[in-house]
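In order, the protein sequence lines correspond to chains P and L. Be aware that the first sequence starts at 1, since it is given in the numbering used here, and climbs by one per residue. Be aware that the second sequence starts at 1, since it is given in the numbering used here, and climbs by one per residue.
Simulated from the structure, these hints should not be mistaken for lab results. This one's a predicted model, so the numbers in the text were calculated from it and none came from an experiment. Don't take each hint at face value.
Note that identical chains are pooled: a pair holds if it fits in a single copy or bridges any two copies.
[As the list claims (entries may be wrong)] Pairs of lysine to aspartate or glutamate residues, derived as DMTMM-like cross-links and limited to a Cα-Cα distance of at most 25 Å, are as follows:
no., residue 1, residue 2
1, K322, E351
2, K195, D413
3, K195, E351
4, K195, D98
5, K322, E129
6, K322, E80
7, K322, D274
8, K322, E76
9, K322, E381
10, K322, D267
Protein chains: 2
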Amino acid sequence: MSIVSTVLAVASDTASSHQLETAETLIAAARFFVIFLAARALAEGMVRLRLPTILGELVAGILIGLSGLHLILPPETQAEVSGWFLGLLGSLAHVGPDVVRDVYIETFPNLQSVGTIGLFALLFLTGLECELDELMAVGLQAGGVALTGVLLPLTLGTLGLLWIFHVPLIAAVFAGATMTATSIGITASVFGELKVLRSREGQIVIGAAVLDDILGIVLLAVVVSLAGSGSVALQPILRLVLAAVAFVAVSLLLSRRAAPLFDAVLDRLQAPGDVVVAAFLVLCLSCFSAQAVGLEAALGAFAAGLILSGSRHAHAMEEAIKPLVALFATVFFVVIGTTMDLSVLNPLVPENRQGLVLAVFLLSVASITKLAAGWTYRMAEPTNRLVVGLGMLPRGEVGLIFLGLGAQAGVLDPSLEAGVLVMVIGTTFLAPVLLRLVLSRQSLPSAPATAG
Amino acid sequence: MSIVSTVLAVASDTASSHQLETAETLIAAARFFVIFLAARALAEGMVRLRLPTILGELVAGILIGLSGLHLILPPETQAEVSGWFLGLLGSLAHVGPDVVRDVYIETFPNLQSVGTIGLFALLFLTGLECELDELMAVGLQAGGVALTGVLLPLTLGTLGLLWIFHVPLIAAVFAGATMTATSIGITASVFGELKVLRSREGQIVIGAAVLDDILGIVLLAVVVSLAGSGSVALQPILRLVLAAVAFVAVSLLLSRRAAPLFDAVLDRLQAPGDVVVAAFLVLCLSCFSAQAVGLEAALGAFAAGLILSGSRHAHAMEEAIKPLVALFATVFFVVIGTTMDLSVLNPLVPENRQGLVLAVFLLSVASITKLAAGWTYRMAEPTNRLVVGLGMLPRGEVGLIFLGLGAQAGVLDPSLEAGVLVMVIGTTFLAPVLLRLVLSRQSLPSAPATAG
C-alpha cells in the first residue's frame, strides 16, 4: 500500500493507488525540474551581472511562486496552483485536476523537508569553514565590529518597528533580529574578486562576519523559541540566551578536544562513504541536542560544523557536502521566494503605502547601522572604514534563513515579510555594487599582504 | 503556520504548533541517527567479514524495524513504534506519546521520499558507470549469459510459484522478475579484490551484468505497471515492453548524440554547483518522461545515467552523486529491511512451513539458473564457466529495488516478501564466499591481462 494512497484514501475513491503513485512521481519530478531550471537560469544571470547567485535563487522563487506563475506553492500560502500545470500532470497520470491538487498539497512537505536538509547542510558547511585561528588574529577589532553590527540594527530596528509602526513586540524583535546577520559567503567572494581578502580590512570583515554568524544564530535560536512560546517574559529569555551561549561554548571546546577523537574513529572505518556518513551522524546528534534543550536545530547544525572544523577530514567533508548544498539549499531558498507576496509592495494600492515605508525603513536601518559598525574599532594602522562597513552590509543566506524560519513560525505578517525581503535583497545587492565603486576610486591604505 | 501543525490541526488541539515543530525535528533527527548508526555499524562488520556492505544495511533495517527494535516503522506495516522511544521524544518535546505517534506517522513519508531520491541517485550512478564500449568487446558472450540469466529464472520462478505454490499470477511474475537482476557493484568489487576483473571471465560477467541491469530495469518498469493496473492482458504487456525497449534505445542513442550538447551547455555555466544541478535536471526530465509514458521512474533514472555516461563530465558527476548515494540510498535499503516480517520464517510455527519451503525454492531456482547461465556462451579460448556462473549470482541492490517497489505496490504477501528477501540475501552472501573458495583452489585458464 503506497503512502500517498493511504493518506488520500478518503479523498480519492475515483483514482487507483497506481494512478496516485504516478501522479506523485510526476508532481515531484516536475516540481524539482521547475525549481532547478528557474534557479539555475537566474543564478547564471546574476553571475554575469557580478551579483550574488543567492539573489537569483530568490528571484527564481518569486517568479514561479505566489507572486509569479503559481507553479510552486507551499500549502500555507492558501493560493491555487496554476490550472494548466495541474491539468497537464493530471492528464499524464490519468486522474482529474482535483486529485492532482490533493496529491500536490499532500506531498509538499516532502519537498520542504528536502529543503530543510539543504538548510542544515549549508549551516553545517558554514560552521565547517569557520577559520577560528584566523579569527583570533583580528579578534579585538572584529569583535567590536561584530558586536556593534549586531546590537545597533537589533535595537534600532526593534524600537523603530514598535514605536513608529506599532508592530507587535515579538514580530518587532524577530524583524530586528533578521537585520543582525552578515553573509560570510557573499562578502568573502566579493573581497576575493577585488583581491582585498588578505588586506587588514578584509580580515576584520571576515572575522566580524564569523562572529556575527555565531551571535546571529544564537539570537535566532532564542527568538524562534520566543516566537513559539508567544511570550516575552525575562526569565525564559535569559534561560535561552544562557543555553545558546553554553551550547556554542561547548562546541568551540569540542572543536579542539573532540575532533581528534572523531578522526581516530574515522580512520578505523572502512566501508565506503565513511566521511559523509560520520559527518551526518554528528550533525543529527547536534541538531537533536539543540532541539532537546529548547534551542533551534539550526544552531545545532552550525555547531556540528564548528565542532568538526578541527578535524583532519574537514576538507573531504566540505567536498562531500557541497553537492548536497548545491541541490537542496537551493530548494530552501527558492521555496522562500515562492511564499513571498510582492503585491503588498505595489505602490498604486493606497493601503500598501505603510508597508512600503516600512520596507524603506528596514533597508535604511539595516544599511546605516552596519556602515556605522565600520567606525567602531581601534587600530593603530590606517584602514578604510567605509570598506569595512560596506563589507558588513550583505545579509544574504543568513538573513534568508531567519526570514524562512520566521515565516514558518508565522510571526511576520505579509507586509513585514515583504519588508524584510526587500531589506535582505537590497543589502545583498548594494554591497557588491558599492564595494566595487569605492575600491575603483580609492586604493586601500593597507597594502594587501597577498592577493586574495 | 507550520506544515505539520496544519496537517495535524484536528488531531492535536492539546499541543501548540511550536511543540509540534519541536517534536517533528526531534523525530527526524532521531530517525536519521538510528538509521545511519545501525547501517554504519553493520556495514563495517560486513567489510571485515569481506561481505557486501549492502547486506549490513539490510540487516540493520531488520534489527531496528518490524522484526527487531520497532524504532523505524513505516506506517504501512501497521505496527506500533517502541513505547520508550516515543516516550523519550515526547518528554523532550513536552507533548504526550499520542501526539508524538501522530507526528511520527505523519512525517514518515518525508523519510521515504529522501530514500526515493537516494534510490534514483543510485540508479543514475549505475547508468553513469556503464562502460558501453567495454560491453561491445564481449558483447556476444555477455549477451548469451545475460539473456539466459534473465529468461531462465523468470520462467522457472514464475511457473514454479504458479504450479507448485499456487501464488496469484501477478505476484508470481513479480517474484520471478526479482530473480533476474545481477548486481554489477558486488560482482565487480569481489572480482576486483580477487584480481580477476580483467580476466576473460571477469569481462564476460561485468558485460552480462550491465545487460542484465538494462533488461532487469525494463522488466521492472513493465511488471510494476502490470501490478498497478492489476491485469495481465497481452496487449498492454506488449505496449509496455515496446515502450521500455524504445526508451532504452533512445537513451543509448542520446548517450552518443546528446552528451556533447550537454557538455557544451555545461561549459557555458558559471554559477557554482553547475555539474550536479545539470545532472539533476536531466535526471528529473528523464524520470518524468518515463512516468509520463506509463513506465517506472526508476527506468528513467537509469536511462539518465546512460545518457550522460558519454559526457566529458561523467567523472565529476560520479564524485558529486556518491555522497548523496552514501546517505540516501542507505535510507532506502534500511527502510526496506525495517518492513520485513521475519516471524513468517520461524520454523517452529507450523503455518510457516510452506513459506520456508517457498524461500528455499526461490533461493535454489535463483542460484541454479544463474549458475547455468555460465554454460550458455561460446568461446574459442578456455574459460572457467563456474566462475562466470557464480559471478552472475548476487542480486544485491537491484534485487532489493525490485523488492522495495513490489512491497510499495502491495503485490507480495508477507511470506512471499520474506522468501524474496531470503533469496536476495542468500545469493548476495553466497557469491563472494563461493567465488573466493573456487578461485583459491583453481587458477583461471585465461591469465589476467592486467591485475584488476
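Hint check results:
no. : hint        : result
1   : K322 - E351 : neither (44 Å within a copy, 52 Å between copies)
2   : K195 - D413 : neither (41 Å within a copy, 66 Å between copies)
3   : K195 - E351 : neither (46 Å within a copy, 76 Å between copies)
4   : K195 - D98  : neither (56 Å within a copy, 58 Å between copies)
5   : K322 - E129 : both (12 Å within a copy, 22 Å between copies)
6   : K322 - E80  : neither (34 Å within a copy, 38 Å between copies)
7   : K322 - D274 : both (16 Å within a copy, 11 Å between copies)
8   : K322 - E76  : neither (30 Å within a copy, 34 Å between copies)
9   : K322 - E381 : neither (38 Å within a copy, 49 Å between copies)
10  : K322 - D267 : both (22 Å within a copy, 20 Å between copies)
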